[in-house]
Amino acid sequence: MQDLRKIQNPYNSDKVIDACSIFGMMDTSGQRFSGAAIIKAIGNMRVRGNGLGGGFAVYGLYPDYAEYYAMHVMYLSREGKTETEAFLKEKFHLVDADEIKTRPLAAIKDPPLVWRYFLKVNRYQAGIQADDDFVVDRVMDINIKIRDSFVFSSGKDMGVFKGVGYPEEIGQYFRLEEYEGYLWTSHGRYPTNSRGWWGGAHPFNILDWTVVHNGEISSYGINRRYLEQYGYICTMETDTEVIAYAIDLLVRKHGLPVDTISQVFAAPFWDDIDRKPPVEQELLRALRQTYGSLLLNGPFTLIIAHAGEMIGLTDRIRLRPLTAATKGKVLFLSSEEAAIRTISPQLESVWIPVGGEPIAGSLKIPLNPPSPVSVVAAYKMDR
Amino acid sequence: MKTFIPSKFIVERDPARCIQCQVCVNQCSFAVNSYDAADNEVMADENNCVGCHRCVVFCPTNALNIRKNTLDYRENYNWRPEAIEDILKQAETGGMLLTGMGNDKGYKVYWDHILLNASQVTNPSIDPLREPMELVTYLGRKPDRVEIDPVTHTLKNAMPPQVKLNVPVMFSAMSYGAVSLNVQHSLARAATEAGTFWNTGEGGLHASLYPYGDHTIVQVASGRFGVHSKYLNAGQVVEIKIGQGAKPGIGGHLPGEKVTAEVSRTRMIPIGSDALSPAPQHDIYSIEDLAQLVYALKEATGYRKLISVKIAAVHNVAAIASGMVRAGADIIAIDGLRGSTGAAPKVIRDNVGIPIEMALAAVDARLRQENIRNQASLVIAGGIRNSGDIAKAIALGADAVYIGTAALIALGCTACQQCHTGKCAWGICTSDLALTKRINPEIGSRRLVNLLRGWAIELKDILGGMGINALESLRGNRLHLRGIGLSDNELKILGIRPVGD
Ligand code: SF4
Ligand code: SF4
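As you go down the protein sequences, you meet chains V and Y in turn. If you read the first sequence in my numbering, its first letter stands for residue 1, the second for the next number, and so on. If you read the second sequence in my numbering, its first letter stands for residue 1, the second for the next number, and so on.
Derived from the structure by calculation, the hints contain no laboratory data. There may be inaccurate statements among the hints.
Claimed, not checked - Quick look at which bits of chain V chain Y covers, simulated, 3 or more residues with Cβ under 8 Å:
#1 223-235
#2 265-274
#3 309-321
Using N, Cα and C, we set each Cβ at its ideal position, and we do this for glycine too.
This is chain Y alone, in the form it adopts within the complex (with noise of 0.2 Å):
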């Protein structure tokens, strides 16, 4: 069927500058480029275009320029291109659209409309050159008191498990088979190397990361791809995953392609086969169910990891956090509307969810309502995109994130929403072996550590501007934000005053 839909993207190619090298053809896994050898010429085939600058930024001579087909549509607000080509796509495929990465719609990013604190005469700032500043954070349960022995003056209780970060910052879960293993090797090396975790997503532990241990989230979903005794022991914490920001109530699908012998072997499913995750976990019906299952895996792991249960971020997220706290969690990952995916339906990602900075607010003020806001951390996922957006979190109450799409980044994503296609150009999101090598993971866990390293100075420097110089003494510290824009509602769920007062 002839294709309606128009290409995205204008490949520009300047005959001044190309060489005819060719690499442009072999960097572009869309069958972009193309050489022809009777005339000497690369050309493209443009309607296959994403957008990925995989060619731009390999072209040795800088010959290239994708730019933005801008095809103008007569003007209609309602029928706006992307609706009008939803609609084609489906017409000539009749099936449901799938894509990659989180939400990209124009909604409020609250981030942007939080402004944060600095300290002026009454009190000073604390240069972080010259003082200590403190970014350690554990993980886990604490107890509401602690108690001491009065004659010898030690501890009474033994605290339970706890989990060290140097910096607050997390690698959310992405399994192997989703992502490829360079890039589990690329995110356990730099989860080592920066003192804080990464997460194997649902898909296993691959026998060739399990050094990288005591650095490791081991996740348990509805598909239980991998899980066995020695994996739920190989990390430091177990993660239940409930539900993902980017499609809340939906399953996952990783098609048979892509189930390549490894793939096969670490999730334990035959090879080629499809693995289909179902939408709910079929053990967990309602909320004692969760707990069940959350006591089933501390009594599995000899009560030594922590258990962490994740969740998208929904309308009643308060009152479910509050039954996770209560179920026995020792962390609450809340995943937001601008988290994350390897694939789903765009109808869900598009429109189904909350912003995780709302989410996060109402979650914190509720826990602290009910006093239990220690008994479980508080980490947050979801669109985190820089040291700002953390600091900002850290004050709205979580006590670390997870960034997904961010740590991609960090290794060449450049964001262009085909994860699901598993033609990744960049190598990333793909099981074929021939773009998997583009990422190194020497060079991909350098990268990794860069970012954190960069964040964690930036964050010190937040830290000492507002006199502060410990983050527990920012966390869920709301006076230290104001905000920009908002309305009274918001400002009232978000627990921040407006800017100016």
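Only chain V is shown next, with the shape it has when bound in the complex (with noise of 0.2 Å):
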């Protein structure tokens, strides 16, 4: 049994507070590129982070493996390792295993063991349960009962890197280069009171989905408090911990389409709710009125991803930076446009989207790029 919350919030803070830098790049035709750009793109945002945390998320990550579900976890001791490998042994059929490749850095101190697992759902032990649901309630197992074990990640063709130091740093200490996918996201963290913690570096990941997160929630209280009487243990007391419940509860418990994620964490305004057209306004108000306890305020910038989606997510006022910008058929998304700029100085658009008006890229519509005059044309509207 381990206590993650002691080893997360030492002080026993109401919640662990962060900023940070935030990056995600999407090829919405499904090419596939390596960790090389991003890497150098959030690096350029060091400032906004402290070194307490770095992570990268990569879609496209094991083709190879799309089937199975693919689990990043961290050991703190060979003890952990073997506790839980029995234990993946006995709830799952072990397809494959590694230990991920790493390079020594100087800046990286004490890094965590970090293995891989492929895995497929032992049906006779999972009973009714849905592959989903039985994946998700064994990673808590994980996390919580068995000492010095922590999933990074657990999603289908996906996989979350992450650790203490600058996120440039990190990405070159997984060698992250050498790993190919069409959708990355990557933060940079600047925890206040934490001592920084591999477990605590976002993404956050439930299955495949990922949030990163720059901002504090205000309502932070009420929205665990919430997600608790729907069984979810806020172990991290973080932000972006809620905040990746509460897209698990929606979308997966609730059923609810995608984009209704932004609609309850930025809900319309209610006198924006009353100029809509009727049927419009009937859902959003009943979104807002059932869902008000998911409402995300305070300054957040969010961007959120899953297989073929990236999205990215302001709070209704905008108090935290969001930029986007695209280039052919790849969105990018992060907290300055100088970042993006670092990979890509010729944009066809950038723009920064109204506060609580979600941008998505997604490989089922992918961008249209425009033709060159309309390149021409809206790179002028947008200066």
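Reconstruct the complex from the two isolated chains, following the hints.
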């Protein structure tokens, strides 16, 4: 039994406060590319972090194992590894396993062991539980019940790499330039009251959902109490954890379409709802009345990702920065425009989204690169 | 019998200022002031003075002052003046002691031991003058989840009925007969203008008040006074009154003298007859009976109205509230120890019930533990004094608050606790037509709207300071509260941390 709260939140604050840099890029045509670009981009925003956490999420990472759950697990001791592996072998069919390759760096101190497993749910063990539900519960088991073990990620064809250090250092440490994916997100952390531990870095993950987040949510107290009613145990005491659970509740448990996430997290103002067409009014009002306790209040920028989709969102009055940009079929989301220009000086469009408005890139609707003429027009309009 | 009870107040009249205009003589409904024509002098029979300040406020030359009669008894902590004088009163009357207003004892006011949070550095406070700030609150049962039609992308299941409040403050039940028609008109107009609700109390709805139905809560109490199908459908919410904070477990008694022709018509009882509300509702002896009444009222109102159930805060309030939610109540209204009354036995008012802060914290926590918090809105009452109390109540988990005393104070009440005498000098809690005309609904509603407006502005400042721009993000958000001067157990029940932690 390990108490993650004590590790993550040594001073037992209401919650762990942090600020940060975030970056996401997605090729909406599904073309995979290496992690070199995003390492460079997030490194450009070094001053937004303090070296106490950095991480990456990659989608389209394991095409050869796409049908299996890919689990990245961090171990602080050999005993933890032995126990976890015995547990995994009991609950799953182990398809493949290896230690994640790393590159020793002076900046990365006392790294834990990080292993990767490809798993298939043992139906005999799962009983009537659906695969996804079973995986979520077993991840909770490992995180809470097995000492010195923590699951970084557990989705299919994706993975999370994270740790204590600046994100560009974490990227080099995990040799991310050697991996390819069609969607990458990244995070550089600036915790104000936590000594930083590898599990506390972003992205935060459940199944194939990841969240990177910049902000401090003033509604945390009620968001958390609401989720606790549905059996979510907030062990990390961070805003990000609450956001990830809220997405899981809305999309997986309540079966709502992905675009309702922004209508709940950054619900339109009541006055704005009153101005919508009647049918839409009815829906937006019902969402806000029902999920008012999941409204995220206070400053935040989020990049949410899952298989085939990346969504950027700020709070309703945009108290934290977000810049969006496109080039060809690639969508960029970043705390700062400079980070985007570092890796792609020429952009077709760059804009600052309106507060509360989601910016989404999806494999289902690939970006339509404008013709050269309209590129110029769009560029002028934005400047 | 000669009374042994000394007068409570001294009426000081400055002879240099008094112009013998006799305004005080007319204004005092307790017959304290009188004019001696022979001596051209205004005098006072101080024994009757209740300290209501009506004469002071209306004296044109500021000649009057009302002072406490600080008559010293020999010091004795057990036999304090109140204990002695209560015995004297009973020895002289042989009756039970009646009183008005809410509990006036020095029990801990928990609001005064809770402090609010504000943003610094790590997140910005929000300026309500420059950014939108939302206080809108919808009361009513919320579904467990929203269902959306995947094809049309529209709402699949219509929401149960909801009522909208522009400010999370409603006017508590005060019945016609207990308060005057002019007071009810003031409340109804103010509720309509401010976008909130007033509550008829258990005395029916006077014909002239039907136009305010969209902002009305109609009450059904144990006496069933004035209850008929048009009445039930006149408002937006039907409230079943089980109990009242000032007198948990006790019924009501409107004396026959107050049952005038108009009151009689509205209450549907003969003129001059005593209106007795039994202690229990005689068709509710247990929780399944409550469920039957809830659904009987839903049937009677075509499932278009919300059904509220109001109880007094008593020891096992959390378990009771949970049963009420399961019985189908859309709103749980809880009235605490300091909730007011038009008349109650003093021994009950002073000794029965628990503070609303504790009841609220316990009920909200229990409903969440049982995962039924969404099934009913939680409205609390009992001693709310200002917007600070309201913010704390919302953060503890209330959806909205009821105010009774505060609304009456806005109309002039000075909490002199004489509501049961029917002589209210401010014309509020009386049916004496000479007195009720002291409340002008035009002015009364303006005073009430002003109060709500002032509180709304303050609430927005409080929210903005916390970095929150919608009330629902404060609701139940106990991390924004800290306790000061509270024991570990009190903190635990309130679900808050101590200051500095
Ligand atoms: S009006 Fe009120 S304060 Fe003035 S003398 Fe009469 S009872 Fe006393
Ligand atoms: S109202 Fe004032 S001035 Fe007039 S009689 Fe009374 S004390 Fe004198």
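Against the structure, the hints come out as follows:
1. Chain Y is given as covering the stretch 223-235 of chain V, and this holds because 5 residues of the stretch bring a CB closer than 8 Å to a CB of that chain, at least three being needed.
2. For the stretch 265-274 of chain V, the stated coverage by chain Y is satisfied: 4 residues place a CB nearer than 8 Å to a CB of that chain, which reaches the threshold of 3.
3. Counting residues of the stretch 309-321 of chain V whose C-beta sits closer than 8 Å to any C-beta of chain Y gives 3, which meets the bar of three, so the coverage hint holds.
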